[in-house]
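Participant: Listed below, chain by chain, are the residues.
2 protein chains.
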Amino acid sequence: MTAAAVGAGTPHADGPDWLGAMFAARSVAIVGASDNPIKLSGRPIAYLKRFGYAGRIFPVNPGRAQVQGLDAYPDLASIGEVPDLVMLMVDAASTPDAVRECGRLGVPVVIASAAGFAETGEEGARLQEDLRQAAQETGIRVLGPNCLGLMGMAAHLPITFTSALDEGDSLPVGSTALISQSGAFGTFLFSAARMAGVEFSHYANTGNEVDLDVVEILSALCERPEVTTLSAYFEGLSDGRRLAELGRKALLADKPLIVAKAGRSTDGARAVSSHTASLAGSDEVFKDICEQYGVVAVESINDIVDMMVMFDQGRRLAGRRLTILTMSGGAAALMTDVANANGIAVNEWEPEWRERMAATIPSFGSTANPIDLTAELIRDPEILRGALQVAIDHPGTDVACVLVGNAQTGSEQLIEIIAAASARSAKPVVVVWTGNNRRQLDALAAHRIARFDDPARAARALGALARHGEHRARLVGSDVPAPELAGRRLPEWLAEAAAQGLEHLDELRAGQLLSAWDVPVVQGMAVSDEDSAWAAARQVGLPCVAKLLSAHVAHKSDVGGVLLGLSTQAEVRDAFTRLWALGEQLAIPDGRVMVQPMLDTGPGDVELIVGAHRDLSFGPVVTIGLGGVLVEVLEDSVTLLPPFGREEARRALSRLRGASLLGDFRGRGERDVDAVLDLLVGFSRAAVDLRDDVVEMELNPVVVHAAGQGVLALDALVRLAPT
Amino acid sequence: MTAAAVGAGTPHADGPDWLGAMFAARSVAIVGASDNPIKLSGRPIAYLKRFGYAGRIFPVNPGRAQVQGLDAYPDLASIGEVPDLVMLMVDAASTPDAVRECGRLGVPVVIASAAGFAETGEEGARLQEDLRQAAQETGIRVLGPNCLGLMGMAAHLPITFTSALDEGDSLPVGSTALISQSGAFGTFLFSAARMAGVEFSHYANTGNEVDLDVVEILSALCERPEVTTLSAYFEGLSDGRRLAELGRKALLADKPLIVAKAGRSTDGARAVSSHTASLAGSDEVFKDICEQYGVVAVESINDIVDMMVMFDQGRRLAGRRLTILTMSGGAAALMTDVANANGIAVNEWEPEWRERMAATIPSFGSTANPIDLTAELIRDPEILRGALQVAIDHPGTDVACVLVGNAQTGSEQLIEIIAAASARSAKPVVVVWTGNNRRQLDALAAHRIARFDDPARAARALGALARHGEHRARLVGSDVPAPELAGRRLPEWLAEAAAQGLEHLDELRAGQLLSAWDVPVVQGMAVSDEDSAWAAARQVGLPCVAKLLSAHVAHKSDVGGVLLGLSTQAEVRDAFTRLWALGEQLAIPDGRVMVQPMLDTGPGDVELIVGAHRDLSFGPVVTIGLGGVLVEVLEDSVTLLPPFGREEARRALSRLRGASLLGDFRGRGERDVDAVLDLLVGFSRAAVDLRDDVVEMELNPVVVHAAGQGVLALDALVRLAPT
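Sequence lines, in order, name chains Z and Y. This note's numbering applies: residue 1 is where the first sequence begins, and numbers increase by one. This note's numbering applies: residue 1 is where the second sequence begins, and numbers increase by one.
Chain Z with its partners taken away, still in its complex shape (with noise of 0.2 Å):
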């Protein structure tokens, strides 16, 4: 039997093989199953029986004829079949050659829980090495190792040791998948959510992730139809571009990818020649790539849950019109200050709109929107009836929310007027019930309605489902290439120069190589001699500019290597004279001097700044930063994941908070924001092709002339791989 065998035979048509072995497995082997009910080695069988799993459990045991009231086999092979999944609860040394058994035999999913891997030290790094070679000899697919198991809801199958399951009797089955490399926190995770009502299709955790890991399940679970959202949970992330793969996959699937992740801002340490390079921190590129490709980061508990609870209503917002039914002229104007922070309008009704509310609430409520009901709802629930349905029917109202709190006496009522009205709607209909409110956010999830306890947490996550809305219409039919990387076209120097151990390229080199990809950088000419110095600056016009040109000087400025403003034969040769001083003097075995033109820039001339670097997750990643005093005391920049089309860096300059320069600033007419289109497009298609040859390149500065003009760098630095 192989695993493809036991995957033809599942009930999961959609995705992988191993997926249906995983989360929805016929039967299943649990290695080293204790007969202890309390036990952790004993759970996995306590919480399969307890949650009512209908598949075969053999219990693996040599010392025991039974566990837990089922028969024990000595070892798998003795099994006389062979389980869809086995979880190992071996220790770690032993886990690697259970793998191998587990191979032999033709299983296609094996869970290792065993602690004491790679998180240990460097001894169980070793074993991690030899359970990873296991798994690629066997060809199965291993979760794990130092997991807790996986959670199928359709199939009752709790194949886990979590603490979460202590309590109750029956697990829910939803349309929420959640896979969280921690254990304890997912653990977390589930039992919040859950305790906030959401219900779950599939959760799982992924340990040390030798094998299957978050962005892999899930991309798999992407494809099941009974799955609506995905979320999330990681602390390390080995390959982002695999991430930013999946968030666009679940877009174009209209699947919401919720992502918590921690441990932010851990690699500042990190060595950069360029500036975009320092400015953009592993926290701010993995945030700026999570809103390039839609996915939702999140960054507390009550977040994710929160994203959970709005999204598992499953309707999409036509628009970001809010309509509040309030009993609370202060908590609606809470709301609405949260609302429109996050991009959510709560219009004022029209009066024709008004006249109709009018005739369902009391007189002296208030029918502009926050329509207040007032308290007197909580004497006759019957106001929101009508009240509710005028809202649901207002063309300008993209979602409605009702506001109460309290109100113990006549919530049932309430209730069950928001339910048969959300039935009849295809708007969403959200709830905010403050104060003591736990019965009625649990009646509100049995109708699936999204319910929070707070205006504010509502607002946030009704920006969320809004942007959701808006990225996947973005994504949709736009230029937002999927992110790959294609082939590489490269001019033969550059591996001449790499091949010379040089780390930097020259700057006539630099703006030469970007060219190729239709990069504008300013030329220049090379001389070596006062005379070609001169004819160089009658060539490029006066006045010019002369510079230190090697590729063993990064920053020329900062040596003195820039001379500006050469207006006349004497001053061009006493500036070649000084800079090829200043060579010899700096000692720089390839010491020239390249005479550029001095180019004007006009007084509403706006400066960028364009880089690009390797970011440890996400491979080659392009910052882009306006103005220099804006980039520097600020760090207002912008980062994404190449390649990108127009429409992409049209998103990141508006995202920039210094925008409003490249248009009509102070009247004086927009930039050429067209041609810096082109430039982005260019670099970072530069930044593919020339990912293994270069770890930094940046373009500082970048003028922008004004709209029609173009835009020019003038200076590149571009940094080599070593080789």
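Treat the hints loosely; a few may be bogus.
You can't tell identical chains apart in this list, so a pair holds if it fits in one copy or across any two.
[Said to hold, decoys possible] In silico lysine to aspartate or glutamate, EDC-like type, Cα no more than 20 Å apart, as pairs: (1) Lys287 with Glu647; (2) Lys39 with Asp380; (3) Lys39 with Glu376; (4) Lys287 with Glu635; (5) Lys39 with Glu382; (6) Lys39 with Glu167; (7) Lys427 with Glu416; (8) Lys427 with Asp75; (9) Lys287 with Asp239; (10) Lys49 with Glu492; (11) Lys249 with Glu216; (12) Lys39 with Asp166; (13) Lys39 with Asp692.
These are calculated hints, taken from the structure and not from any lab test.
Go by the hints and put chain Y onto chain Z.
Facilitator: Here is chain Y on its own, set in the frame of chain Z:
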């Protein structure tokens, strides 16, 4: 019997007399009390009985001999004694005369509950004015109208019809006071906080605030020893300066003041001449002045509850160093991220302390901080006992946080360990219990230990606790003046200018005016013919600047009224002619020309913008922004309530996002911050002294030279108050 006499007899020796009559009334009358305990007008008596009020209750109801089992009276006069507190549950129209009747009897405090006053329109506004007069005539302190009443916990006095008391039969006595302008929202906050285990000392709803308002009640409660935390919700703020005074008083008493305010960004339509006034929207002003006076401004129900929970544990932070003891590395990493973002450090421990910790925790845990106790903690809760003691003993730990989740088995033991350790410590001990946690959070509340369900929320609350301590340290014995408005000293010609109906002062006069407060504005000479223009130019030095000088042109450069860099006699004469012609063309009655020196601004000079305007709530406020593009593109500004001292001004500068420009930016040496502080302090006094005469003034730009070189405002705008 007079109010004073009543007050003297109450148990409230601290605070004004009315306070005792309100929250510790020995007897209460309810006018219009219903026999039906479910009806709004029946609820106060039902609640008083249910929650064990021990004072005398007098129902006033001419239609019944008994109300809810108590002897009823046909009117207040028939009672035979003067109650401390009367709640009027009569309609709006009857309320003013009912207050007058209370006045004749000598009742000190009345709750006017009826709605139908200013919130309903003109007729209601007239009734409210009548009620205000009744309060003034009688000297009675009135709470309301349009209010749900109040609760004094120590007296078991819930004299209210809020639905928050629908359920339960005990009101625990805590030390947090909550005063809310809004009835419904106050109720939501109260219930949400009670659900989180917060115990209150006082609660009141002030409604339309015809007499007593949120600030006055909290100011009185601030003097009560049993109150340790003050909290408020309001929508409008009629006199923000009183809130600042309360903030200062509360901070000096070490009683945090937590404030939620709704209705931000409402008056963006206000017409203003100066740039700073348009920058400082009312919400920014509110937030900045809260920051100035240490008021904890929050914007969600969760936030206000979290702050109450954090402050209610009673202890303060000696520093910002957090040690986390966790059973989940992931949750701790997430908490570390949010803690860092809130200025709380999670420092790695010293080797010798790591060794001490290692002796108490599992060998595969981590002692670095966050200290990982591992999931082993579920099996052996005793691990926490030793570890928590070491953390508390560790001198580099200002606060210890225990971060756990689920752990149903063993939770009682964990909580006992935490409570015991906390009881032995003077440092705060904070608990984050995530996942399934209702029982555990309730148990921790009983021990008055700060507890949260989300590491991010705990981290934010810790940030607020740290800031409170730092605000207090800053205020005590510093130069932060009380926000008092002292006497004025004004030149006589200012009144003359106002009498002429001028809207603005001309630039020369504006500079002269501000020089009275030692604000350095560039001097100039007013001239009316070419010859004197040239004479003035020679006097100020060449090159010079010529400007159109008029009280009627606020923005000279917009009309071409500023000519720079005049170097020759011809240029000066020509400039005079052009400006004079411009004045005639604009038909300005007072058009003259001003000649000023052309000032050298070095390449490292920084420009500030400094303005004052009248905020709707706070009156005169001073706004400071940095740099031309920085302030315009990024709206980088900070607002302070004047007068303020040098340290306040220094803090404000440091809060600008572009603050580093004033330091040794790009190695060009520090700017003259001392001179900036002098200018700001003088300007703040001017803003106070001129508050009745000037509605706006602005210095733009203020050039800040290198350290020791001073500052100089290059233009001054002063807009006069209409006479």
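Participant: Quick one: Lys39 to Asp692, C-alpha cut-off 20 Å, is that within a copy, between copies, both, or neither?
Facilitator: Classified as neither; 50 Å inside a copy, 77 Å across copies.
Participant: Is the C-alpha distance from Lys287 to Glu635 at most 20 Å within one copy, between copies, in both cases, or in neither?
Facilitator: Within one copy only: 15 Å inside, 24 Å across.
Participant: I want to check one pair: Lys249 and Glu216. Are their C-alpha atoms no more than 20 Å apart within a copy, between two copies, both, or neither?
Facilitator: For Lys249 and Glu216, only the intra-copy Cα distance (12 Å) is at most 20 Å; the inter-copy one is 58 Å.
Participant: Between the shortest in-copy and the shortest cross-copy C-alpha distance, which are at most 20 Å for Lys427 and Glu416: within, between, both, or neither?
Facilitator: Classified as within: same-chain Cα gap 17 Å, cross-chain 49 Å, threshold 20 Å.
Participant: Between Lys287 and Asp239, at a C-alpha cutoff of 20 Å, which is it: within one copy, between copies, both, or neither?
Facilitator: Result: close within a single copy only, 15 Å intra versus 42 Å inter.
Participant: Indicate which option fits the pair Lys287, Glu647 if close means a Cα-Cα distance not exceeding 20 Å: within, between, both or neither.
Facilitator: within (19 Å within a copy, 37 Å between copies)
Participant: For the identical chains here, do Lys39 and Glu382 meet the 20 Å Cα criterion within one copy, between copies, both, or neither?
Facilitator: Classified as between; 18 Å across copies, 53 Å inside a copy.
Participant: Are the CA atoms of Lys49 and Glu492 at most 20 Å apart within a copy, between copies, both, or neither?
Facilitator: neither (66 Å within a copy, 93 Å between copies)
Participant: Since the copies are identical, ignore which copy is meant and state whether Lys427 and Asp75 lie within 20 Å (CA to CA) inside a copy, between copies, both or neither.
Facilitator: Answer is neither: 56 Å inside a copy and 55 Å across each miss the 20 Å cutoff.
Participant: Between copies, within a copy, both or neither: which fits Lys39 and Asp166 at Cα up to 20 Å?
Facilitator: For Lys39 and Asp166, only the intra-copy Cα distance (12 Å) is at most 20 Å; the inter-copy one is 45 Å.
Participant: Go through the copies and call it for Lys39 and Glu167: within, between, both or neither, with a Cα cutoff of 20 Å.
Facilitator: within (15 Å within a copy, 42 Å between copies)
Participant: Since the copies are identical, ignore which copy is meant and state whether Lys39 and Glu376 lie within 20 Å (CA to CA) inside a copy, between copies, both or neither.
Facilitator: between (55 Å within a copy, 12 Å between copies)
Violated hints, listed in ascending order, are 8, 10, 13; each of the other numbered hints is respected by the structure.
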